[in-house]
Amino acid sequence: MAVEETDVARVRIDGIGKRYDSSKGSVQALEGVSFGVTAGEFVCIVGPSGCGKTTLFRIIAGLEPATAGTVYLNGDPVESPGPDLGLVFQEYHLFPWRTVAGNVGFALEKSGAADAERKQRVQELVNLVGLDGSEDSYPRDLSGGMKQRVALARALAAEPSLLLMDEPFGAVDAQTKKMLQDELLDIWTETGKTILFVTHDVEEAVKLADRVVVMDKEPGRVREIVDIDIDRPRQRSDDAFTDYYERLLDRIQH
Amino acid sequence: MALDVSEALDPADGSIFDVLSGSSLQRALRGAAGVAAFIGIWWLAALTQPTYILPTPLSVGETFYAEAASGEMAVALSQSIRHWLPGAVFGTTGGIAAGIALAWSPLLDDISAPAVRVLRPVPPLALIGFAIAWFGINHAGAAFIIAVGAFWINFYSTYGGVEGVSEDLLDVARSLGVQGNLELIRAVVVPASLPEITTGIRTGIGRCWMLVVASELFGVPGIGRRILRASNNLQVDVVISYILVLSLMFLLVDSAFRMLQRRVLAWR
Numbered sequence: 001m002a003v004e005e006t007d008v009a010r011v012r013i014d015g016i017g018k019r020y021d022s023s024k025g026s027v028q029a030l031e032g033v034s035f036g037v038t039a040g041e042f043v044c045i046v047g048p049s050g051c052g053k054t055t056l057f058r059i060i061a062g063l064e065p066a067t068a069g070t071v072y073l074n075g076d077p078v079e080s081p082g083p084d085l086g087l088v089f090q091e092y093h094l095f096p097w098r099t100v101a102g103n104v105g106f107a108l109e110k111s112g113a114a115d116a117e118r119k120q121r122v123q124e125l126v127n128l129v130g131l132d133g134s135e136d137s138y139p140r141d142l143s144g145g146m147k148q149r150v151a152l153a154r155a156l157a158a159e160p161s162l163l164l165m166d167e168p169f170g171a172v173d174a175q176t177k178k179m180l181q182d183e184l185l186d187i188w189t190e191t192g193k194t195i196l197f198v199t200h201d202v203e204e205a206v207k208l209a210d211r212v213v214v215m216d217k218e219p220g221r222v223r224e225i226v227d228i229d230i231d232r233p234r235q236r237s238d239d240a241f242t243d244y245y246e247r248l249l250d251r252i253q254h
Numbered sequence: 001m002a003l004d005v006s007e008a009l010d011p012a013d014g015s016i017f018d019v020l021s022g023s024s025l026q027r028a029l030r031g032a033a034g035v036a037a038f039i040g041i042w043w044l045a046a047l048t049q050p051t052y053i054l055p056t057p058l059s060v061g062e063t064f065y066a067e068a069a070s071g072e073m074a075v076a077l078s079q080s081i082r083h084w085l086p087g088a089v090f091g092t093t094g095g096i097a098a099g100i101a102l103a104w105s106p107l108l109d110d111i112s113a114p115a116v117r118v119l120r121p122v123p124p125l126a127l128i129g130f131a132i133a134w135f136g137i138n139h140a141g142a143a144f145i146i147a148v149g150a151f152w153i154n155f156y157s158t159y160g161g162v163e164g165v166s167e168d169l170l171d172v173a174r175s176l177g178v179q180g181n182l183e184l185i186r187a188v189v190v191p192a193s194l195p196e197i198t199t200g201i202r203t204g205i206g207r208c209w210m211l212v213v214a215s216e217l218f219g220v221p222g223i224g225r226r227i228l229r230a231s232n233n234l235q236v237d238v239v240i241s242y243i244l245v246l247s248l249m250f251l252l253v254d255s256a257f258r259m260l261q262r263r264v265l266a267w268r
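Chains A and B supply the protein sequences, listed in that same order.
The working numbering puts the last residue of the first sequence at 254; the count rises by one with no breaks.
The working numbering puts the last residue of the second sequence at 268; the count rises by one with no breaks.
Any given hint might turn out to be false.
As the list claims (entries may be wrong) - Which stretches of chain B does chain A cover? Using the computed rule of at least three CB atoms under 8 angstroms from a CB of chain A, they are:
id: 1; region: 66 to 79
id: 2; region: 164 to 170
id: 3; region: 191 to 203
These are calculated hints, taken from the structure and not from any lab test.
None of these values were measured; they are calculated from a predicted model.
The beta carbon of each residue, even a glycine, is placed where N, CA and C say it ideally should be.
With the hints as constraints, model all of the structure from the sequences given.
Right under this line is the structure:
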C-alpha cells in the first residue's frame, strides 16, 4: 500500500507494560504490547474502553513513562514529547489566545524561518485542512470539526515523522466525523505521513487503516493485528467492509 | 459630574454610541439618578450642619476649583504620582514574577511557603518603619509602601492563574518543540493565565491609589499629606476635594487599563 520500499519500522513498540501501584494494590493497565508501524502506514488501535488505549497513546507520545518496554521512533527511544511526534487529541487543546493562523503557526515560530516563508507555510496548511477564510478566528468561534482541523494543521506544521491521534473524531457529530475521516485520508495521501490512530470505533478503523491493532482488556494487550485489504475509497456497504467490520467486532467482544 | 468624567475617559468604548443604545442608556440614566440622589441627600444633610462637620456640595465645588486654579492640586498630584507610579510598577511586576516563579516551581514554592505565610498578613502600613529606615522620608519610601500592597494582590492572582494552566496545553506545546521552563512560561503559561494576571493588575492599581494616603502618613508630600493636613485643620471641604482627586485618578487609570485589558483578552 503506502508503505515505502524501506521496511524499517518508523515506530516500534517493544514490550510496553504499565502498572499502576497504589495503596489499594496494583493494576496492570498494559502488558507486553508490541507492534511496529512502517513509514507511510496508517495504523489504527481499537479496543474496548478500559483496554489502555489512551495510556498507550500517552506512552508512545512520551507524555507518560512505561513501567516496562520501550517505544522507538526512527530507531531512537521516545522519552519526552517532541516535534518529531505530532499529537492530536480528542479535546483539541487549541491555544485559546491564538487565532487559527496563530495556532497553526505555533511550531514554526521555533524554527527561525523567515516571516514571509512562515506565513506562506501557515496559509498552505490552513488551505490543506480547508479553513481558508477563518485564519483570524479565535478557537471560541469554531465548531468542533473546525477545531480539530486546526489541531491537525498545527501538528503537521512541525513536520513530524509520526502523527499520533487519540480518538480525534470522538467529540464531533456523525456527519462531521465522516467528513473529517475523508479529509484525513486525503491529507494522508497527499503528505505521505505515518499515522497511528487510536479509536474505539470499529467502523472508523476499517474505513481508515492499513492495519488494525485489536486490543484486549485487563490487562491491556494486543489480541490480534489485522491487515485491512480493501481498496480505497472504502464503502461501508461493501461486503468486504462488512466482513472486516464483523470480524473485528467479534474479536473485541470475545 | 462623575458620570460625565467616566464617559469622557472611555472614548475607545465608543461610549457615546453605547450609552445611547437601549440598556446602556437605561443604565446611564439610573446611574445619573443615583448620583443626583446622593448629592441631594448630602446637600440636605449639609444644610443642618456647620461647614467644619459637613460642607455643602457647592462649597466643596468652590474649594475644588480654588485648589485647582491655584495650582496646589497639580503640585500635590504630581508629588503623589512620583511614588504611586514606581510603587505600582515595581509591586506589580514583582508580584507577577514571584507568582509565576512560585506557581511554576514546586521547589521554590516549598522553600518560600513559610515566608509567604508569615509576610502575607502584614499590612503595608506596618512597614512604615522599614520604609523610613531603608529609603528615608521620600518618594522611594512611600513607593515601597505602595509596592508592598500591589505585590500581594498580583502575586496571588498570578499564582492562581498559573496553577490553573492546563497540563494538556503544556504537553501540546512540548510536542510542538517548546523546550525549557522559560520558553514554556513565555509561550504558554503567561498567555494562558493572562485573564488572572490582568485582573490582578487592575485590582492592584486600585489598591495603590488607596495606599497613597497611607504612604504619605510619615511625611512624604502629596495628596495624602494634603488630606491629613486639612483634616487636622478641620477643613472638611479640602479633605473632600482631595478625596475626589484620588477617585478621579482611580477612575482615569482604571478605565484606561480596562480598555487595554479588553484588547489583550479579545480572544475570550
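Tested hints:
1. 66 to 79: Contact hint for the region 66 to 79 of chain B vs chain A: violated, 0 residues under 8 angstroms.
2. 164 to 170: It holds, with 3 qualifying residues against the three required.
3. 191 to 203: holds (count 3)
In this structure, the one hint that does not hold is number 1.
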